[in-house]
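Peer 1: What follows is each chain in one-letter form.
Protein chains: 4
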Amino acid sequence: MEKDIKRDIYDSLSPADYRYWDADVAAYLSENAYTKYKLAVELALVKALAKHKICSPSIVKEVARACAQITTAEVYEEEGRIKHDIRALVNCIRRKVSDKAKPYVHMTATSQDIIDTANAARFRDVTQKVLIPSLVELEKTLVKIAMSEAETVQVGRTHGQHAVPVTFGFTVSSYVSRLGQSILALHDLSEGLRGKFAGAVGAYNASSLFFSDPEGFETDVLSEVGLKASEQSSQVTPNEPMVRLLAEISIACGIMANLADDMRHLQRTELAEIGEEFEAAQVGSSTMPQKRNPINFENAKSLWKTIAPRITVAFMDQISEHQRDLTNSASSRTYGETVLYAVSIAKRLSRTMSKIKVDKKSVGANLSRNLGLIAAEPLYIMLAALGHPDAHEKVRELTLSAQRTNTPLEAVALSDKELEPYIKKMSAEQKKVLAKPSRYTGVAAKKASNVARRWKKKLSL
Amino acid sequence: MEKDIKRDIYDSLSPADYRYWDADVAAYLSENAYTKYKLAVELALVKALAKHKICSPSIVKEVARACAQITTAEVYEEEGRIKHDIRALVNCIRRKVSDKAKPYVHMTATSQDIIDTANAARFRDVTQKVLIPSLVELEKTLVKIAMSEAETVQVGRTHGQHAVPVTFGFTVSSYVSRLGQSILALHDLSEGLRGKFAGAVGAYNASSLFFSDPEGFETDVLSEVGLKASEQSSQVTPNEPMVRLLAEISIACGIMANLADDMRHLQRTELAEIGEEFEAAQVGSSTMPQKRNPINFENAKSLWKTIAPRITVAFMDQISEHQRDLTNSASSRTYGETVLYAVSIAKRLSRTMSKIKVDKKSVGANLSRNLGLIAAEPLYIMLAALGHPDAHEKVRELTLSAQRTNTPLEAVALSDKELEPYIKKMSAEQKKVLAKPSRYTGVAAKKASNVARRWKKKLSL
Amino acid sequence: MEKDIKRDIYDSLSPADYRYWDADVAAYLSENAYTKYKLAVELALVKALAKHKICSPSIVKEVARACAQITTAEVYEEEGRIKHDIRALVNCIRRKVSDKAKPYVHMTATSQDIIDTANAARFRDVTQKVLIPSLVELEKTLVKIAMSEAETVQVGRTHGQHAVPVTFGFTVSSYVSRLGQSILALHDLSEGLRGKFAGAVGAYNASSLFFSDPEGFETDVLSEVGLKASEQSSQVTPNEPMVRLLAEISIACGIMANLADDMRHLQRTELAEIGEEFEAAQVGSSTMPQKRNPINFENAKSLWKTIAPRITVAFMDQISEHQRDLTNSASSRTYGETVLYAVSIAKRLSRTMSKIKVDKKSVGANLSRNLGLIAAEPLYIMLAALGHPDAHEKVRELTLSAQRTNTPLEAVALSDKELEPYIKKMSAEQKKVLAKPSRYTGVAAKKASNVARRWKKKLSL
Amino acid sequence: MEKDIKRDIYDSLSPADYRYWDADVAAYLSENAYTKYKLAVELALVKALAKHKICSPSIVKEVARACAQITTAEVYEEEGRIKHDIRALVNCIRRKVSDKAKPYVHMTATSQDIIDTANAARFRDVTQKVLIPSLVELEKTLVKIAMSEAETVQVGRTHGQHAVPVTFGFTVSSYVSRLGQSILALHDLSEGLRGKFAGAVGAYNASSLFFSDPEGFETDVLSEVGLKASEQSSQVTPNEPMVRLLAEISIACGIMANLADDMRHLQRTELAEIGEEFEAAQVGSSTMPQKRNPINFENAKSLWKTIAPRITVAFMDQISEHQRDLTNSASSRTYGETVLYAVSIAKRLSRTMSKIKVDKKSVGANLSRNLGLIAAEPLYIMLAALGHPDAHEKVRELTLSAQRTNTPLEAVALSDKELEPYIKKMSAEQKKVLAKPSRYTGVAAKKASNVARRWKKKLSL
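Residue numbers (our numbering), protein chains in the order written: chain A, 9 to 469; chain B, 9 to 469; chain C, 9 to 469; chain D, 9 to 469.
No lab work stands behind these hints: they were computed from the structure.
There's no promise every hint is true.
It does not matter which identical chain is meant; a pair holds if it fits inside one copy or across any two.
Calculated pairs, DSSO-like style, for lysine-lysine (alpha carbon to alpha carbon, straight line, at most 27 Å) [claimed, not checked]: (1) LYS148 / LYS91; (2) LYS454 / LYS59; (3) LYS454 / LYS440; (4) LYS14 / LYS44; (5) LYS439 / LYS108; (6) LYS433 / LYS59; (7) LYS465 / LYS137; (8) LYS44 / LYS236.
Could you build the full structure based on these sequences and the hints that come with them?
Peer 2: Next comes the structure, spelled out in structure tokens:
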């Protein structure tokens with residue numbers, strides 16, 4: 009037996025198994041972990057039966073002992089024979105208990121009571137114990153950078169064009185804020201997952217034969233695995249809480265993909281504002297020995313692509329005919345891959361961000377390119393404030409002239425006859441912005457620190 | 009001018025305009041409505057400037073008057089000239105105010121301050137004033153059916169096969185529960201939309217030239233249109249709150265598509281459990297005059313299909329390079345269609361559900377088909393409870409025998425030698441379930457009423 | 009070493025590996041198979057070098073011997089050290105050859121020359137040797153049913169409502185036609201996959217140092233693995249041929265999902281037109297022993313859901329910045345799962361369809377329900393042809409009257425005063441259609457046979 | 009009447025109508041155009057009836073005259089009354105013809121015969137007469153650039169890092185090749201669209217009452233609108249040919265989005281290799297007067313996002329229960345938007361690409377940055393070819409040393425003791441590559457011209 013279930017990991021077909029497999033995630037979402045969760049629900053049922061005096065405490069012990077011995081391989085073998093996964097599991101337990109205990113195994117349950125409850129429990133657990141911690145770790149790294157680089161002035165870029173200055177810490181703190189909010193949402197949504205113990209069509213048909221308050225009995229079973237009951241179920245719990253969780257995971261990955269995109273563009277040869285420390289032996293290209301490629305950021309973006317369209321699968325799984333059809337069974341088995349890839353992105357970005365170096369020379373050089381044109385905005389606004397009736401159009405023409413004559417915008421502005429009266433009225437401080445547009449960073453530095461500090465506290469980093 | 013902007017609605021290219029167009033939605037999400045929202049934000053800015061004594065109250069009046077006169081056509085014409093949508097809007101306002109007022113128009117703002125804030129306001133409004141009310145209307149109809157049909161016993165179906173009984177009210181109340189939860193989520197998420205007034209790169213560069221507390225000034229501008237500020241922005245507000253809202257709209261549509269699928273299958277010729285009242289002149293088919301097709305439920309499913317994959321667009325729009333790129337501009341213009349189609353589904357299902365008739369004769373006939381095999385579950389469970397060591401397998405064999413011999417399950421069971429001792433031990437009540445499996449409805453009726461009553465109260469229906 | 013790479017298959021995270029893994033597919037698409045294909049391309053290069061007298065034939069032998077020994081585990085270990093997958097592979101080969109041979113390994117190649125070529129070869133192979141044969145097998149089964157059930161009259165259903173009759177063979181032959189066309193398209197598209205040997209940016213920079221006709225050299229390398237060159241490449245071959253193949257695989261799965269949906273609905277308790285033979289020990293439900301669920305058809309639909317949205321990943325992978333970015337790397341690793349699931353659906357449907365039984369009694373019973381209303385169409389058409397000016401509306405009213413009075417349509421029509429003159433003019437044959445609408449099958453039987461025969465021949469089944 | 013159907017275009021809800029509406033596309037895909045196509049099919053039927061002597065030629069004239077007068081508004085009004093779109097159309101025709109002609113209108117047809125045939129015809133036409141021409145126009149512009157810039161050496165970039173040189177014409181010719189292939193595929197797929205005239209369930213039930221060869225009659229009807237018949241239909245033609253066409257349209261858009269991404273990144277302030285000519289009055293930003301944003305390329309990417317996930321809708325529409333359900337009706341109405349957006353992208357890119365200017369000074373400056381490290385590849389390959397046993401690793405170390413000491417790679421290499429013997433063996437030509445890596449362009453220039461010339465000829469540009 010044992011031999012048959014071992015396989016060379018490189019005979020795997022999914023990159024989830026040969027390349028991105030993660031032991032932390034597997035502890036909750038592998039098929040073996042799933043078996044454990046399903047057994048835990050079967051045991052929870054027997055415990056609740058004992059609580060209600062339907063069976064004796066010794067039955068609980070018997071079933072607990074049986075459950076502890078069952079392997080997934082054994083269940084799959086039985087499933088091969090009878091073609092039903094949960095009945096196979098039940099048969100495996102029943103074989104390991106006395107005839108006296110047998111009737112209490114799976115009593116009044118339908119398969120989906122076990123499956124939906126086990127899924128709610130394991131997705132809640134993996135979210136709270138693996139996914140969120142990996143995101144929090146990344147958040148911590150980002151908070152650190154936001155603080156340490158709060159004052160590092162960097163040119164802001166919109167449409168790939170120089171806009172007006174920010175600071176690198178400010179750039180990073182925007183991800184602190186977005187990711188922080190997603191972490192909180194993930195926690196809430198993982199708490200919203202629901203179990204069920206309502207039987208074959210959700211009406212407690214079977215359990216009503218034994219309990220005057222079958223919904224109370226459901227509460228008892230589920231509380232053994234720390235879950236609440238869905239307000240109403242058919243054979244299945246409504247899929248919405250799971251869809252919401254998966255949607256938020258996609259959203260968190262979208263935030264990380266945005267971060268990754270930003271960072272890899274900042275590593276372009278021509279920008280070179282940040283660099284990732286390479287290991288001594290690391291090779292960038294099989295043929296171009298000089299290459300230092302942002303492969304980790306590229307990987308994050310690529311895994312995000314894999315995840316983004318998949319929520320549509322979960323949307324389709326919301327639809328189940330009448331009291332249920334089974335067309336969500338195979339498809340919902342792929343939900344775990346979304347969690348895995350999200351964890352993989354988070355862990356990788358954590359590692360990579362903790363090693364980036366800001367090349368302040370490059371940052372400064374980029375900032376001072378371009379003839380001081382980034383002062384066009386403050387110039388236009390100051391002129392407007394000083395009463396110029398058409399300041400935006402005026403400054404637009406000045407920038408064209410600066411470019412045509414390759415002259416700094418400040419010089420063009422100061423030598424412009426029409427502007428003379430306005431320039432005179434400018435304060436020293438205002439003139440400085442024109443001379444040194446890198447001062448024009450608004451509250452970037454303060455905001456970076458504040459946002460970082462707020463999330464450090466909120467998430468107890 | 010006027011002539012140019014009128015067009016035959018059937019020259020439209022999108023079914024959103026020639027077929028599913030809705031005046032209630034258009035009041036918030038048409039391009040004209042969008043212009044109004046953007047003007048409201050420009051005006052909010054001037055009001056806040058006046059509050060801070062930067063300009064006089066008379067300027068506010070002047071700008072308000074100007075904004076009231078501007079048409080979308082006029083803005084588009086100016087955009088045609090200068091190729092920039094918001095600058096075009098600003099130019100239109102500026103042309104209508106005195107030279108004295110001109111500098112205060114759009115002062116310190118960047119285009120996206122106007123756009124993102126206007127979008128947050130109009131999507132919040134359309135959600136709260138059109139979408140949610142249309143869902144609540146449907147919810148009301150469903151609550152009514154859940155209550156009036158709470159006791160109408162119907163066979164439960166899983167995998168398209170008869171399972172065990174429920175009631176029609178119970179079937180409907182599961183949608184009451186799911187839709188109710190989605191309505192609450194939609195409200196919360198619409199409240200989570202955020203505006204911004206943080207300038208070209210989100211660092212309040214321009215407004216810092218005038219205000220010592222530019223974030224306070226942002227709060228003042230946004231409070232004029234009832235919004236809060238995003239914790240941090242780049243040139244754009246983070247897209248996440250919008251993505252979450254759109255995801256929940258898809259989820260609500262998934263619930264309605266599930267309802268529609270259920271109802272249209274119950275209308276199949278062979279099931280005929282419900283029917284939709286047809287109008288006297290209504291034609292079902294251009295060639296088959298007898299047809300009564302469930303076209304409204306089919307339409308709901310079809311519009312859901314249109315919506316489901318679109319969330320991926322919003323996921324992609326989360327990614328914006330550095331302080332922003334513009335690759336979300338055209339794509340985000342299609343978000344409104346998702347709202348429109350959701351409203352269209354809700355209104356249509358409301359109308360259709362309010363007209364359905366339950367054909368109790370058919371419901372009863374379907375229930376009593378199939379040799380009483382739906383009693384297999386209670387029989388198995390009662391046998392197990394009475395100590396039968398292998399009740400499930402035993403009953404499985406009895407059902408095969410019932411089918412082979414075309415004999416009701418009850419008869420097969422009662423004449424089975426092996427079962428004799430167990431049957432003897434059954435209570436009268438238990439035997440009744442076997443004889444009349446339609447009694448085996450668990451707490452279906454009670455649950456239907458309870459769930460319906462709970463949501464009636466929660467949503468003040 | 010060996011120990012480390014073995015893993016319990018139930019520790020896998022993807023259902024592709026613990027549940028739907030398939031040895032036939034793994035022979036081409038597992039990571040081990042991928043390594044083999046990449047080594048084959050490295051060897052093809054050295055063979056071409058020898059052909060061009062750049063190296064001696066003995067070098068080819070040396071490299072061939074080295075390649076035959078390399079394991080994926082070994083390559084991964086080297087990749088762990090140097091962080092580059094193809095350079096790792098190259099190092100592994102180099103270590104196993106003499107210093108004399110070393111320079112010829114990977115000579116002038118860039119990583120992507122190896123990767124893209126290996127991918128084109130293995131996806132072509134798996135399509136032609138596993139996917140298409142599995143679809144052909146299904147097609148064969150469908151052809152058989154189309155022929156044997158060509159005359160089995162079945163009611164046609166539109167909108168879930170009885171329409172006019174077809175035959176079951178006709179129903180099935182429509183899938184013969186659709187699937188047949190998809191099989192041909194898949195073959196063509198698999199032939200459209202292209203390799204490359206054009207170097208780091210696609211301009212043959214390196215190979216130009218050695219060959220006056222580097223495109224000719226590319227042709228030589230690729231012909232060793234049976235491929236043609238992409239007309240132009242950057243670092244990567246354009247993704248389009250792969251996207252087209254994946255899209256057609258999704259299309260084939262859509263056809264199979266439609267078949268599955270049809271069949272499972274025909275298995276509904278109320279329709280019961282087909283049944284799937286159950287194995288003696290097979291269990292349908294863990295709690296409802298009577299259940300015979302269409303789980304195989306449900307599974308096919310579910311796997312289709314998993315596949316359908318994934319083409320968007322491939323669409324996103326079309327976009328690669330400048331001469332390439334790496335953001336398609338992780339994502340394209342999931343393409344193989346699409347092939348696997350398609351093969352899984354095809355094999356399962358093949359098996360299941362070969363076991364279905366048509367329940368002719370049920371088919372007949374369903375057909376004769378409903379008061380002969382399915383004759384409404386021919387009645388309307390015959391009346392129209394006989395000159396009735398408003399036949400459709402007239403017959404629509406007759407059907408309403410038939411339903412109201414629970415009278416067969418024929419009787420209602422024959423006793424209608426207004427119709428008398430038209431009925432008189434009807435031929436005997438025409439009257440028969442009214443009396444026995446099951447004769448009204450058009451050319452269904454003939455078409456079923458013709459289509460089946462055509463595809464049997466076309467695909468040499 | 010007229011008044012009611014006119015609407016302010018800015019009251020539209022879809023950007024397809026208020027912003028991206030296109031008269032060329034509307035001529036085929038607006039609702040009015042759709043009415044015209046449906047009327048053409050109704051007329052084709054009557055023509056075929058006349059050809060078969062079922063009706064007289066004068067009936068054809070009568071019907072032709074009627075069809076010419078019908079407006080969409082009129083049809084919608086009738087649909088409002090009877091709730092069936094095609095029956096409404098038929099009623100409108102019937103009202104305008106003599107009682108003698110009435111029976112021949114829509115004779116033996118089912119609605120979907122008209123709808124599917126009209127859709128096949130209009131999507132074929134819009135593809136061939138609008139979409140392909142707009143793509144060909146773009147292709148023409150690209151061919152021109154590929155030729156004129158064939159020799160403009162530009163640094164190749166992979167992972168955003170300088171790799172080895174190409175030419176700008178080469179960069180552009182890769183899009184010539186990809187887009188050319190997609191244009192050919194689009195033509196073929198548009199020819200693959202099929203009509204039907206097979207009646208309510210595809211078995212020619214009705215037409216068999218009149219024709220001994222109803223498939224021949226179908227051929228006659230369809231040939232009037234230039235279409236072939238689907239090999240087999242149910243009530244609907246199989247959706248696959250349409251899905252394939254839509255998938256290829258998405259693919260074409262992916263190619264254009266890739267082009268747009270490339271071009272906008274080349275416009276980044278730091279790269280500045282190309283620029284788009286701005287109009288004199290054009291404004292880049294509402295607040296930053298200096299901005300010249302690549303809005304056209306951004307728009308192309310954004311519209312691509314809108315399109316990419318939509319193919320999943322068409323995949324879902326492949327599934328229709330039994331002889332059909334209607335759940336593809338509303339959803340398939342959105343297919344036209346995909347065509348519109350594709351045309352919009354093509355036209356916009358055509359315009360924009362025809363105006364780009366290559367800034368050769370910037371291109372040259374970028375190329376000569378970075379210490380000649382782009383020569384690392386040829387250096388490694390030449391060393392390897394000259395027998396260096398570990399050339400890749402050696403050169404990798406040299407590049408690290410060049411960066412550490414800020415010395416050009418050539419100097420570092422020439423002064424390296426270990427390399428001395430190899431350098432001596434280099435030819436003059438080889439040494440030149442090291443000194444002037446911009447010569448290292450492989451066959452870029454030649455390939456650019458060849459590919460451009462080939463497609464110019466193939467598409468007769």
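Peer 1: A separate judgement is required for each hint: does it hold in the structure or not?
Peer 2: Hints versus structure:
| no. | hint | result |
| --- | --- | --- |
| 1 | LYS148 / LYS91 | between (48 Å within a copy, 26 Å between copies) |
| 2 | LYS454 / LYS59 | between (58 Å within a copy, 25 Å between copies) |
| 3 | LYS454 / LYS440 | within (20 Å within a copy, 53 Å between copies) |
| 4 | LYS14 / LYS44 | both (19 Å within a copy, 21 Å between copies) |
| 5 | LYS439 / LYS108 | between (92 Å within a copy, 24 Å between copies) |
| 6 | LYS433 / LYS59 | between (85 Å within a copy, 25 Å between copies) |
| 7 | LYS465 / LYS137 | within (20 Å within a copy, 37 Å between copies) |
| 8 | LYS44 / LYS236 | within (19 Å within a copy, 46 Å between copies) |
Hint compliance for this structure: no hint is broken.
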